[in-house]
Amino acid sequence: MIVTRLETNADTIKEQDLVQRLKKRQKWAFNHLVSKYQQRLFKLAYGITLDREDSLEVVQDVFISVYKNIQTFRQDSSLDTWLRKITIHQCLNWKRKWKRRFKWNHKSLEQEYDFQLPEENTNDPEILFWEKQLENNLMKAIRTLPDKTRLVFVLNAIEGLSYEEIAEVLSIKKGTVSSRLHLARKSLMDSLELNEEKRISYGKRM
Amino acid sequence: MINFIKIRFILTAILFIYLLLPPIVSAGDRVLTDVKVIHASTTGAEQFDPGLKGIIHELKSVFKYTSYRLLKDQRFDLNFSQEGLVNLPGNRTLLLLPSDTDGKRIRYQINIQKNNLSIFQTQVMLKNNSSITIGGPELDSGVLLINISSALQ
Amino acid sequence: MEKECDLCTSEDISRFIDGELSSEQCRSFEHHFSLCPDCSHRIDRYISLSFAFSCHADQKTMENHEAAVMGHKLEQAVLNSEKKSAGTISGLFGKNIYLKLASILAVLMIGLFPFDEDLLQGPSGPSAIVNSLDTEYASVMIIETQIEKHTIIWFLEET
Numbered sequence: 001m002i003v004t005r006l007e008t009n010a011d012t013i014k015e016q017d018l019v020q021r022l023k024k025r026q027k028w029a030f031n032h033l034v035s036k037y038q039q040r041l042f043k044l045a046y047g048i049t050l051d052r053e054d055s056l057e058v059v060q061d062v063f064i065s066v067y068k069n070i071q072t073f074r075q076d077s078s079l080d081t082w083l084r085k086i087t088i089h090q091c092l093n094w095k096r097k098w099k100r101r102f103k104w105n106h107k108s109l110e111q112e113y114d115f116q117l118p119e120e121n122t123n124d125p126e127i128l129f130w131e132k133q134l135e136n137n138l139m140k141a142i143r144t145l146p147d148k149t150r151l152v153f154v155l156n157a158i159e160g161l162s163y164e165e166i167a168e169v170l171s172i173k174k175g176t177v178s179s180r181l182h183l184a185r186k187s188l189m190d191s192l193e194l195n196e197e198k199r200i201s202y203g204k205r206m
Numbered sequence: 001m002i003n004f005i006k007i008r009f010i011l012t013a014i015l016f017i018y019l020l021l022p023p024i025v026s027a028g029d030r031v032l033t034d035v036k037v038i039h040a041s042t043t044g045a046e047q048f049d050p051g052l053k054g055i056i057h058e059l060k061s062v063f064k065y066t067s068y069r070l071l072k073d074q075r076f077d078l079n080f081s082q083e084g085l086v087n088l089p090g091n092r093t094l095l096l097l098p099s100d101t102d103g104k105r106i107r108y109q110i111n112i113q114k115n116n117l118s119i120f121q122t123q124v125m126l127k128n129n130s131s132i133t134i135g136g137p138e139l140d141s142g143v144l145l146i147n148i149s150s151a152l153q
Numbered sequence: 001m002e003k004e005c006d007l008c009t010s011e012d013i014s015r016f017i018d019g020e021l022s023s024e025q026c027r028s029f030e031h032h033f034s035l036c037p038d039c040s041h042r043i044d045r046y047i048s049l050s051f052a053f054s055c056h057a058d059q060k061t062m063e064n065h066e067a068a069v070m071g072h073k074l075e076q077a078v079l080n081s082e083k084k085s086a087g088t089i090s091g092l093f094g095k096n097i098y099l100k101l102a103s104i105l106a107v108l109m110i111g112l113f114p115f116d117e118d119l120l121q122g123p124s125g126p127s128a129i130v131n132s133l134d135t136e137y138a139s140v141m142i143i144e145t146q147i148e149k150h151t152i153i154w155f156l157e158e159t
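Quick note, the sequences are listed as chains A, B and C, same order. 1 is the number of the first residue of the first sequence in the numbering used here; add one for each residue after it. 1 is the number of the first residue of the second sequence in the numbering used here; add one for each residue after it. 1 is the number of the first residue of the third sequence in the numbering used here; add one for each residue after it.
It is worth saying that the hints were derived from the structure and are not from the lab. Everything numeric in this text was worked out from a predicted model, so none of it was measured. Every residue, glycine too, gets a C-beta built ideally from N, C-alpha and C. Any given hint might turn out to be false.
To give a feel for the contact side, a few chain A residues facing chain C, derived at Cβ under 10 Å [what the hints assert, rightly or not]:
#	residue
1	N31
2	G47
3	R52
4	K68
5	L92
6	P146
7	D147
8	L181
9	A184
10	R185
So these bits of chain B aren't anywhere near chain C, every CB distance computed over 10 Å [stated by the list, open to error]:
#	residue
11	G44
12	Q47
13	G142
Hey, can you work out the whole structure from these sequences and the hints?
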């Protein structure tokens, strides 16, 4: 227990030190911040935008924003939480900025459903079938979720945040987190199983 | 004698080739540049200024704006390496510099400044008798669109 | 669609997975889930959704060259920011006009009709070819309209 507490304190001190150095505009501190967080923030941004190119731009914007606004960071939340909030804001802002003005729907340059589950040693046909269903339809279904719902799902699935942590990041109530996360899971599951029913019915007709 | 004929022949051949070459830009070549400053917004009724007739279809195919007002239409007859300046709303300035041409496209340096600081600059090869549109600094619940067209003189 | 169980709702299951139920509720549900195939099935599905999505996102890591490009752009942005705050104006068109590149999202084809590659192959080309861009701001798009191939450059001015 004591060791854990000490480690936690060490992490907090390290973070405080990093923030202080960032505020002093020390270049190596900024480089350290970028190398520490870029992959994580990219993964989070991707979960929200579902677009690789957009996610790269968002992460870049996040670090530029941090550089410019670090003086306003009061450390009443952790650096992790602050960076998450900025990333989410940039993701939603990014979409809004373009959607408001342009008529088309941005088509991602990458293949949309380039989806592979990690290999599992299973020969169970039901499990294999389910994984295949996920592979084909999950990302399609996720795109149809409303932004607010998908956001909660992403923070839970990708960042592993608790309801309380999600509520803090999004400034919403815990009950709202619960209902949105449930809605996301139910919608995705219903959507995937509807596809399964269609497939079965098509198979019967053939 | 034979050498003299040879030299005359070579000189004539060089002159002939030179005349056949595509025209090279000389200091006297000019380009007529037209700048339309447009305010696009979604407030108000669907409308566009008659002066935008030539480009409104392209703009509407891209943007969701419903109203397109022509704020300014400024024409320049510029020499190459001569700069044109357009004052834009919101303490902004557009600077244009045609530098050369290959006969089909004209090279332009385009710079947009705000409060005398450069916020955007680009170098483009603009097709003769064609235009480019640059947007969109925000203005009064809408945006500025700047359409730049050119015609070689 | 899977029918919901009489004893617990799908939201209960969702909260159970996330450890958001009280220990008493957990104990009672655990016993129920061991007997109810519908609920047990739903638990597996909910967990696999998050797992599958997380694995998919895991594969979308930034490549080394992308990180390097971003690092360079950030350096430039930091330099520009410092220049700005120092109040220097480096000439009419900027010192490194061709070196700084704003991020260009994509060249997107706009049209009311589905994207048709054949239409792009016209002999005339776009109305303007962009040789270089230089801006403080990361958000720039270059668009070419489908029929007239009219070039539009869109940048988001920082507010």
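Hints and how they fare:
no.: 1; hint: N31; in the structure: holds, 8 Å
no.: 2; hint: G47; in the structure: holds, 5 Å
no.: 3; hint: R52; in the structure: holds, 6 Å
no.: 4; hint: K68; in the structure: holds, 6 Å
no.: 5; hint: L92; in the structure: violated, 14 Å
no.: 6; hint: P146; in the structure: violated, 16 Å
no.: 7; hint: D147; in the structure: violated, 16 Å
no.: 8; hint: L181; in the structure: holds, 6 Å
no.: 9; hint: A184; in the structure: holds, 8 Å
no.: 10; hint: R185; in the structure: holds, 5 Å
no.: 11; hint: G44; in the structure: holds, 22 Å
no.: 12; hint: Q47; in the structure: holds, 21 Å
no.: 13; hint: G142; in the structure: holds, 13 Å
Comparing the model with each numbered hint stated earlier shows that hints 5, 6, 7 do not hold.
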